[in-house]
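> Chains W, F and Z supply the protein sequences, listed in that same order.
Heads up, the first sequence is in our numbering, so the first residue is 9 and it goes up one at a time.
Heads up, the second sequence is in our numbering, so the first residue is 59 and it goes up one at a time.
Heads up, the third sequence is in our numbering, so the first residue is 190 and it goes up one at a time.
What the hints contain is simulated information worked out from the structure, not anything from laboratory work.
Small disclaimer: the values here were computed from a predicted structure and weren't measured.
The beta carbon of each residue, even a glycine, is placed where N, CA and C say it ideally should be.
Careful, some of the hints might be misleading.
With a straight-line Cα cutoff of 16 Å, these simulated EDC-like cross-link-like pairs (lysine to aspartate or glutamate) come out [claimed, not checked]: (1) F:K84 - F:E165; (2) F:K224 - Z:E303; (3) F:K500 - W:E166; (4) F:K224 - Z:E301; (5) F:K500 - W:D165; (6) F:K224 - Z:D243; (7) F:K501 - W:E166; (8) F:K501 - W:D165; (9) W:K163 - F:E496; (10) F:K501 - F:D424; (11) W:K454 - W:E370.
Covered stretches of chain W (chain F as the covering partner; in silico rule of three or more C-beta atoms under 8 Å from a C-beta of chain F) [unchecked claim]: (12) 72-78; (13) 141-154; (14) 161-171; (15) 190-201.
Quick list of the computed label-pair ranges, beta carbon to beta carbon [said to hold, decoys possible]: (16) F:A91 - Z:D302: 43 to 49 Å; (17) F:G530 - W:P77: 15 to 21 Å; (18) F:W333 - Z:S295: 47 to 53 Å; (19) Z:G248 - F:R86: 55 to 61 Å; (20) W:H167 - F:S162: 35 to 41 Å.
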Amino acid sequence: MSADNAIVLALCVPLATAAGIQVAGRISDNLREAVTLVGAVTLAWVVWGMLPALFAGERPAVMLGELLPGVALAFEVEPLGMLFAALASGLWIINSVYSIGYMRANQERKQTRFYTCFALALAATMGIAFSGNLITLFLCYEILTLSTYPLVSHKGDEHTVRSARVYLGILLCTSIGLFLPAIIWTYHVAGTGDFTLGGILEGHIDGADIGLLLALFVFGVGKAAVMPVHRWLPSAMVAPTPVSALLHAVAVVKAGVFSIAKIIVYVFGVDFLFAAPSANWLVFIAAFTILAASLVALRQQNIKRLLAYSTVAQLSYVVMAAAVLKPLAEIGAAIHMVAHAFGKITLFFAAGAIYTAAKKTEIHQLRGIGKRMPWTMAAFTIGALSMIGVPPTAGFVSKWYILAGAFQADNLVAIFTIIASTVLNAMYFLPIIFMAWFAKEPSGSKDHGEAPLLVVLALCLTATLTLGFFFFNGPVIELEAQLFQGATQ
Amino acid sequence: MDLTPHLPALQVIVPMLSAPLIVLLKPRGLAWAGATAVALLSFAVALNMAIAISDGAHYRYDMGGWAAPYGIELSVGAFSSLILLIVTGAAATALLAGRASIDSQIEPDRQPMFYAAWLLALAGLAGIAVSADAFNIFVFMEISSLASYVLIAGGPNRRALPAVFKYLVMGTIGATFYLIGVGLVYMMTGTLNLADMEARVGAVDDINPILVAAGFITIGLALKAAVFPLHVWLPNAYTHSPHMVTVFLAACATKVAIYVLIRFDFFVFQSNFDWHGSHFSSFLMPLGLLGILVASAVAMFEGHIKRLLAMSSVAQIGYIILGASFVTQDGLTASAAHLFNHALAKGGLFLAIAALACHYDDLRLDRLAGAARSMPWTSAALAICGFSLVGVPGTAGFISKWLLIDAALDQGPFAWLLVLIILASSLMALAYVWRIVETLYKKPAVVQPSSAGEAPLELLLITWLIALANIGFGLFPQFPLNLASAAAELLMGHAL
Amino acid sequence: MNLLELLGYFNYWVFAIVLMVGLYTVIAKINLVKKLIGLSIFQSAVFLMYITMDKVEGGTAPIILKGMEGNVFSNPLPQVLILTAIVVGVSTLALGLAIVVRIYESYGTIEEDEILDAD
Chain W
9 MSADNAIVLA LCVPLATAAG IQVAGRISDN LREAVTLVGA VTLAWVVWGM LPALFAGERP
69 AVMLGELLPG VALAFEVEPL GMLFAALASG LWIINSVYSI GYMRANQERK QTRFYTCFAL
129 ALAATMGIAF SGNLITLFLC YEILTLSTYP LVSHKGDEHT VRSARVYLGI LLCTSIGLFL
189 PAIIWTYHVA GTGDFTLGGI LEGHIDGADI GLLLALFVFG VGKAAVMPVH RWLPSAMVAP
249 TPVSALLHAV AVVKAGVFSI AKIIVYVFGV DFLFAAPSAN WLVFIAAFTI LAASLVALRQ
309 QNIKRLLAYS TVAQLSYVVM AAAVLKPLAE IGAAIHMVAH AFGKITLFFA AGAIYTAAKK
369 TEIHQLRGIG KRMPWTMAAF TIGALSMIGV PPTAGFVSKW YILAGAFQAD NLVAIFTIIA
429 STVLNAMYFL PIIFMAWFAK EPSGSKDHGE APLLVVLALC LTATLTLGFF FFNGPVIELE
489 AQLFQGATQ
Chain F
59 MDLTPHLPAL QVIVPMLSAP LIVLLKPRGL AWAGATAVAL LSFAVALNMA IAISDGAHYR
119 YDMGGWAAPY GIELSVGAFS SLILLIVTGA AATALLAGRA SIDSQIEPDR QPMFYAAWLL
179 ALAGLAGIAV SADAFNIFVF MEISSLASYV LIAGGPNRRA LPAVFKYLVM GTIGATFYLI
239 GVGLVYMMTG TLNLADMEAR VGAVDDINPI LVAAGFITIG LALKAAVFPL HVWLPNAYTH
299 SPHMVTVFLA ACATKVAIYV LIRFDFFVFQ SNFDWHGSHF SSFLMPLGLL GILVASAVAM
359 FEGHIKRLLA MSSVAQIGYI ILGASFVTQD GLTASAAHLF NHALAKGGLF LAIAALACHY
419 DDLRLDRLAG AARSMPWTSA ALAICGFSLV GVPGTAGFIS KWLLIDAALD QGPFAWLLVL
479 IILASSLMAL AYVWRIVETL YKKPAVVQPS SAGEAPLELL LITWLIALAN IGFGLFPQFP
539 LNLASAAAEL LMGHAL
Chain Z
190 MNLLELLGYF NYWVFAIVLM VGLYTVIAKI NLVKKLIGLS IFQSAVFLMY ITMDKVEGGT
250 APIILKGMEG NVFSNPLPQV LILTAIVVGV STLALGLAIV VRIYESYGTI EEDEILDAD
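In isolation and in its complexed conformation, chain W is listed as follows:
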């Protein structure tokens, strides 16, 4: 199988899975879930199968057709997108296992629609990861927004619908109101929107326009949740936990920061942007988002909302790392996407497991829960430590690279922000861990054990990945080191 075909296959497998789920859902629940798992495994096999070609320096590409003269639907695999696709497709398997346990235990309704939309969202995610130009990215970005709406509004009551409206409203308004004009502007001045190493804008735009265009892109990609367009993320927490876990810790939010990183590296070009004084503001706004979101997280009582604000902060790590505009920091940004994905999906899985087993959603209810759910809370602890960046967890590796990049650029703002936010992260995660393990459970509370086996299995797996990534991160760094091959010589 050639790598070019693999791209098309990676887009078609989730679509076929979605169709299969629709058909199988009419026959039996077991069959439907089997189809989901088979689809997830096949997708991972296809995506991971592209890795050797990429390590060999190939850049598989495929063009589907031209929309307008010079504006084509095209896909191309490069290290950043490959990493994102590998991450999302791999975690989809684990998430499917978790979903099956969670959805059954909570007896959620309309499960067929749930799995179908999930598969569609994955197809869109693959499209974003492999997009070869801005317009393809935008198309898949919007499909991802629309296909996740039914997932967010899954519960269907009035509160959920209202929150889902905020979710959809912010994402669509920013993308149509800011992202789209930025894209058209780019095509207009540069004559192309193809992702090219070193950027395409150099010589076509200058002065304050650079900063303006960057602002349109950064705030237009609402999925990256840079303040003040972060409001959708806490709203999206009304979704069932598997959705929060895969989509709002991995696929959707990573699609946002991934898009920003990709635009900075391949549309603006790192060196071009570094030389443009009007683009400096991005580091500040990202730093502000990190600190402000961490402060808000400190005050949250609901576990999922706390995790949501923590996600907002962590996403801006990636944005800030990308905005430091040094190769080491760009690699740090890519690695942080992975590290945060492992850690945050574990945390969400744990929150869902607690909800499934104990119906608890608030932090103060967690007293002494470690004794009843040792596996879950152990995984939660690992995830939380990774968020803080304590070795030996994944979060340490990425912070190391981002810091190194910041020193390389002498960017004091970034260095200070990383240190301050580490303290803040510790301030909101450590009390929870302490309370769960060492506080005494209030008397008369409900008797419960661990969550269903599939749920626990999934979260243990991701916790293991979080630990494992600290030791075995070589291939990822090697892959991302190729990001600048040919550009920074």
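Dock chains F and Z against the given chain W, drawing on the hints supplied.
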């Protein structure tokens, strides 16, 4: 016998001569079958010409063998062929899909008349598109208008009557204004043939009558085209007419008037007078922008689903006018493409509404709550067409939005304002489309549908066909786009 | 422009005045039949304009007879056009009146304000 050179004439003559025959078809169903067959035939003719024209052909036809400028000339180029596709396509799809809907709204013994009027409207609209003669255009305009007044008033809803009266008065004033303008140009040039006018109008000594003529023609046609603020006849006429008539007319009636407006202005005036370009844009651009903003804003708060979409039509006409008012190749391409894409989106939306109307008598938005539960397919098609209207990527509407913004960026210092307004109104469109989608899908039902289940199969199939066409032309827009850019080239070629 | 020249455009002055009388009637009258009368006046003004412009000084009716080939004729084309336009105007009027009849049947009135109140 090779009919190819006669296609432009057949385009008009077939529906026009069939109309009186249809009246004679009394047995139930036959009239419908006859009208549908004629409409499909017209569509086939239009498609045939469009394919040849996108390969570079151009049809000219002298009626009765009398050569222009003395005889009446028919001429079909890229622009007219695009319009013909829209007109015949809308007529044919609405008939094909609408039998059940029309049966429920028009009494059986009046149906043959109704279908005859339908074919006359089709003949008139097609006639406007093929004519190369200013007076002929007036005659066809009145044929189509009179027939569409009949169509709109044909339904069971009594509110259609005052609406159609208003339409009749305003439409007649518009047509008469056009007639005055044509008269003035004729007075100065002595010809009615558009191509001949183009050649002679530049040589006129006294420019004042021409200026007055340009004003009369532009305003008269703007009235017919429902350009804001001359749109007041449109919302009620579309809201209260029979559902299938709304599908037909919303997709093409105003567009034909825009076509004449653009064609007249660019062929006859733009090529000869330096001042015309700036007059044209300084008059129409503000109207286009105001229409986009005001009509979108009104649509956001409209309670009746058909009225809401009718207001949105006014806003979309604003887009088309805006693109033309740039007086550039890119702007005209965007306009022409939006003519086509908006017809697709709005036609699909009104088809879906006709499907909803099969089970819901009251089409106020709050009464439609929860309709997606009993009619999932209809609702999904409605959502797709709605997204096309907003301009979500992957749909046809996105293509024209892209072209329009791209063209607007060339507009010098005010480019940002233009882009801002286009985007703001896209967001407003998102708001009103989303209001519909959320009502259908997420709100608890208020009214139980009169019977459970989906709309009639043929209506559903055609609605989905149009919805898929919205996606298809969003991903593979070459065919309409080629015609649109050839049309723009033709128009600008005349304008030099 | 002196008075004579102004008077020379007499027909056009009448055209403009009649046009405005018609338009005013359409806008100002509430009664639907009166509106239609106004519309008819409005259209008639245009007929007058076309007829005026085809007049050639000293010209006769454009009918070619033997022995009169050298005569000056009025321009026949606007006359033909306006015949068509008259037909259009009559059909519009007929249709308009038919609609008014139906409005009267379903609303019981032909006053615009009362119709608006009825819905």
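> Hint by hint, say whether it matches the structure.
Now for the hints, and whether the structure bears them out:
no. : hint                        : in the structure
1   : F:K84 - F:E165              : holds, 12 Å
2   : F:K224 - Z:E303             : holds, 15 Å
3   : F:K500 - W:E166             : holds, 8 Å
4   : F:K224 - Z:E301             : holds, 10 Å
5   : F:K500 - W:D165             : holds, 8 Å
6   : F:K224 - Z:D243             : violated, 33 Å
7   : F:K501 - W:E166             : holds, 8 Å
8   : F:K501 - W:D165             : holds, 9 Å
9   : W:K163 - F:E496             : holds, 14 Å
10  : F:K501 - F:D424             : holds, 9 Å
11  : W:K454 - W:E370             : holds, 15 Å
12  : 72-78                       : holds (count 4)
13  : 141-154                     : holds (count 6)
14  : 161-171                     : holds (count 3)
15  : 190-201                     : holds (count 4)
16  : F:A91 - Z:D302: 43 to 49 Å  : holds, 45 Å
17  : F:G530 - W:P77: 15 to 21 Å  : holds, 19 Å
18  : F:W333 - Z:S295: 47 to 53 Å : holds, 50 Å
19  : Z:G248 - F:R86: 55 to 61 Å  : holds, 58 Å
20  : W:H167 - F:S162: 35 to 41 Å : holds, 40 Å
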